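Asks: Protein sequence lines, in the order shown, are assigned to chains A and B.
For the first sequence, full-length UniProt numbering assigns the number 1 to the initial residue and increments by one for each residue that follows.
For the second sequence, full-length UniProt numbering assigns the number 1 to the initial residue and increments by one for each residue that follows.
Check each hint, because a few of them may be wrong.
Just so you know, same-sequence chains aren't split out, so a pair can sit in one copy or run between any two.
Said to hold, decoys possible - Calculated lysine to aspartate or glutamate pairs in the EDC-like style (CA-CA distance at most 20 Å, straight line):
hint, residue 1, residue 2
1, Lys345, Glu66
2, Lys81, Glu224
3, Lys81, Asp64
4, Lys276, Asp53
5, Lys398, Glu347
6, Lys276, Glu3
7, Lys398, Asp373
8, Lys81, Asp252
9, Lys345, Asp318
10, Lys276, Glu26
11, Lys345, Asp109
12, Lys398, Asp318
13, Lys273, Asp37
14, Lys345, Glu72
15, Lys276, Asp382
16, Lys345, Glu181
17, Lys273, Asp180
18, Lys398, Asp115
19, Lys273, Glu224
20, Lys398, Glu166
21, Lys273, Glu66
22, Lys398, Asp64
Hints are computed from structural coordinates only; laboratory data are not their basis.
Values in this document were obtained by computation on a predicted structure and should not be read as measured data.
2 protein chains.
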Amino acid sequence: MLEVADALAEVLARARPRSPQLMPLEPGNVGGVLAEDVTADRDAPPFDKSLRDGYAVRSTDRFDAELCVVEEIPAGVVPRKAIGPGECARIYTGAPIPAGADAVVMQEDTTAAGDRVRINAAPRPGAWVFRRGAEMRTGEVVVAAGTILTPAAIGVLVGVGRARIETHRFLDVGVVATGDELVGASEAPGPGQIRNTNGPMLTALACQAGTHGCDNGIARDTRESLRAVIGPALDNNNVVLIAGGVSAGKFDLVPGVLAELGVTAHFHQVRMKPGKPLLFGTRGDTLVFGLPGNPVSALVCFELFVRPALRKMAGHADPGPRVVNLPLAAAVVESNDRPTYRPAKLEPAAVGWAVRPLDGGTAPDLRGMAPADALLALPAGDARYDAGTPVRVVLIGKQD
Amino acid sequence: MLEVADALAEVLARARPRSPQLMPLEPGNVGGVLAEDVTADRDAPPFDKSLRDGYAVRSTDRFDAELCVVEEIPAGVVPRKAIGPGECARIYTGAPIPAGADAVVMQEDTTAAGDRVRINAAPRPGAWVFRRGAEMRTGEVVVAAGTILTPAAIGVLVGVGRARIETHRFLDVGVVATGDELVGASEAPGPGQIRNTNGPMLTALACQAGTHGCDNGIARDTRESLRAVIGPALDNNNVVLIAGGVSAGKFDLVPGVLAELGVTAHFHQVRMKPGKPLLFGTRGDTLVFGLPGNPVSALVCFELFVRPALRKMAGHADPGPRVVNLPLAAAVVESNDRPTYRPAKLEPAAVGWAVRPLDGGTAPDLRGMAPADALLALPAGDARYDAGTPVRVVLIGKQD
């Protein structure tokens, strides 16, 4: 059976970044990825600028006598006079340094006397001057392709005049739940029936990952129904998530229907717990995940395989999953024949975080998963991990 | 001057959770907070259920002879017969346990012979039976008020039949940038002009925090212009963010205009760097933040004060900011007269994370802030912190 790392490599090899498109720069871009190098359209600051209220002077001047104040320069005003020996200009924070001057003396270090001023502390060359281009130079790349669009990055882009940017196209993700036993949230389940939790949960996960997730509803356990729901989902999405119908039972028709619909299966079954029945296929550039019907298993497969695929397709250089070693906040006893993923939550420790298992060692239900922000990734075999032992942790949920 | 902790306490004391409203349960609720206790509408599982394919038996029976198979029970089918001594039922995963039986023997541990079966391993009472109500009992709270709506929590809510939930009303956040020197992203700045980065950046921050953030444009440095833009923003929003015009200079008219518009100022200036000019006021239930005009300062104030206020108003029990101690990935030299916040980035270490300063010790510009996911929180004074030293870190950006 395929190992998790090999299955992830297979998925990522087939998840290709979408083509760039020019889009308005909006709050909705936060978490997306810039698809072009953006350069400065002018120097910043555009001129040598005063960092203080005070006097613009020549640092090579003699300061044993008073200087003559030849001009007053508020912010936003262009100086008209050059400063000669024995001269200076009254200047304010943000105003351009006049020609001839090369330093600013803070108001606190001066004594004004009419149109003359005494400098009480000789300035270094360049004192309180913010040099033209010190922040950015015309043509310099200020936000590189591949940068994740934080609010601050959006501020930088606006600052260099970008109202539109090239980013990777949004992904359309279609979600299909399968099963004769499923009813919608508003319906009362009859004997043997359960509500469809996978559809809304996987759609929420897809949207949380920054895609256009769309719940395509329920397909029944017949070839006809599966074809009728999965077929259009394949036509209309970049990624299709199908929950249920991928185990080895006699009602598990999804693999056969996918083959009929032209999907090439690249693997089926991964050595992991939960999530073993996972199927992965492609049709053209469309990725198809056949996820287990158990919602906990579906969620674990989403975090380990689907989210990284969505991130790579959205242009992220590091698709994840994000893995870190953290000390356990409580002991864990594990006995299994496959690598196992268990819900957990980070909690602050004296330095950094510890990770607390949430399931108490029982098979987790979705309630146990609800507060989780991490999965313990435990190797196959029987072992006891004492509190304080560092263990491998996969971070789940939104990451940027 | 007010300390950061006291300023935050003042803000949080006046940030009240918004009233709950019934809303469709949708992917857009992810990151929101549930405002009601949600209970199970039925037991789950709704009946004692088999966890394996095999035979439903009486664990008190004698297993030295073959049992008579009286019925076959697939999943979704209601058993018609009670199991008596010497009897059993063929059963499948997910099917209801018939009356009389109290354990399941896995198929692998049996030898079938026509309508009889030999049990090769005597079962414990309850073996491979998932008890009615073991996952949840009718009336039990399955998702409590105050729970953050993860995709898994949405799955649980759908599972108990909720298509709508009570959550705290979305917040409307209005953003106003002030300054005669500001032009929009599409305009070419003239001499002394700069582009308005605070408006788009603060709007992106507000949206990232899960609110309806709206950029209300630019107000000029006159009482009339400030009143004309800030007045309607106060009327139409739960929180108003104003950038610039709050320092002590002669063009800093915002405090006076806010007073004229009926805003009560609760504090002005905080002992921190950057961010010292911060003003906080209220008018009725509306919160008003007068943020410094420097975008880095505005962002730091947003993360330390505005995001926690928005989280508390959205119903979060822990408004943040999220603070943790992390070892430095590189040495830091700091010299200041106020507690100082510097951009930084977490990077995985052998165990947990280290934190790497991004600004190299210079006053950070917005480019230095763009990749940051944390702020180093350094106390006032002169100090050198060696690599490996744990320092206080504030996590910034989206948190749930």
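Asks: Determine for every hint whether it applies to the structure shown.
Replies: Hints, verified against the model:
1. Lys345 <-> Glu66: Neither: 68 Å inside a copy, 49 Å across copies.
2. Lys81 <-> Glu224: For Lys81 and Glu224, the Cα distance exceeds 20 Å both inside one copy (85 Å) and across copies (34 Å).
3. Lys81 <-> Asp64: So Lys81 and Asp64 fail the 20 Å test inside a copy (23 Å) and across (112 Å) alike.
4. Lys276 <-> Asp53: between (68 Å within a copy, 18 Å between copies)
5. Lys398 <-> Glu347: This pair counts as both: shortest intra-copy Cα distance 17 Å, inter-copy 17 Å.
6. Lys276 <-> Glu3: So Lys276 and Glu3 pass the 20 Å test inside one copy only (10 Å; across, 54 Å).
7. Lys398 <-> Asp373: Answer is both; intra-copy 9 Å and inter-copy 13 Å each pass.
8. Lys81 <-> Asp252: Answer is neither: 85 Å inside a copy and 28 Å across each miss the 20 Å cutoff.
9. Lys345 <-> Asp318: Cα proximity of Lys345 and Asp318: across copies only (15 Å, versus 23 Å in one copy).
10. Lys276 <-> Glu26: neither (40 Å within a copy, 29 Å between copies)
11. Lys345 <-> Asp109: neither (56 Å within a copy, 38 Å between copies)
12. Lys398 <-> Asp318: Cα proximity of Lys398 and Asp318: in one copy and across copies (14 Å, 18 Å).
13. Lys273 <-> Asp37: neither (42 Å within a copy, 32 Å between copies)
14. Lys345 <-> Glu72: neither (60 Å within a copy, 43 Å between copies)
15. Lys276 <-> Asp382: Within one copy only: 19 Å inside a chain, 56 Å across chains, cut-off 20 Å.
16. Lys345 <-> Glu181: For Lys345 and Glu181, neither the intra-copy (32 Å) nor the inter-copy (48 Å) Cα distance is at most 20 Å.
17. Lys273 <-> Asp180: neither (25 Å within a copy, 61 Å between copies)
18. Lys398 <-> Asp115: Neither, since 61 Å and 54 Å both go past 20 Å.
19. Lys273 <-> Glu224: neither (31 Å within a copy, 66 Å between copies)
20. Lys398 <-> Glu166: neither (23 Å within a copy, 23 Å between copies)
21. Lys273 <-> Glu66: neither (82 Å within a copy, 35 Å between copies)
22. Lys398 <-> Asp64: neither (63 Å within a copy, 57 Å between copies)
In summary, the numbered hints that this structure violates are 1, 2, 3, 8, 10, 11, 13, 14, 16, 17, 18, 19, 20, 21, 22.
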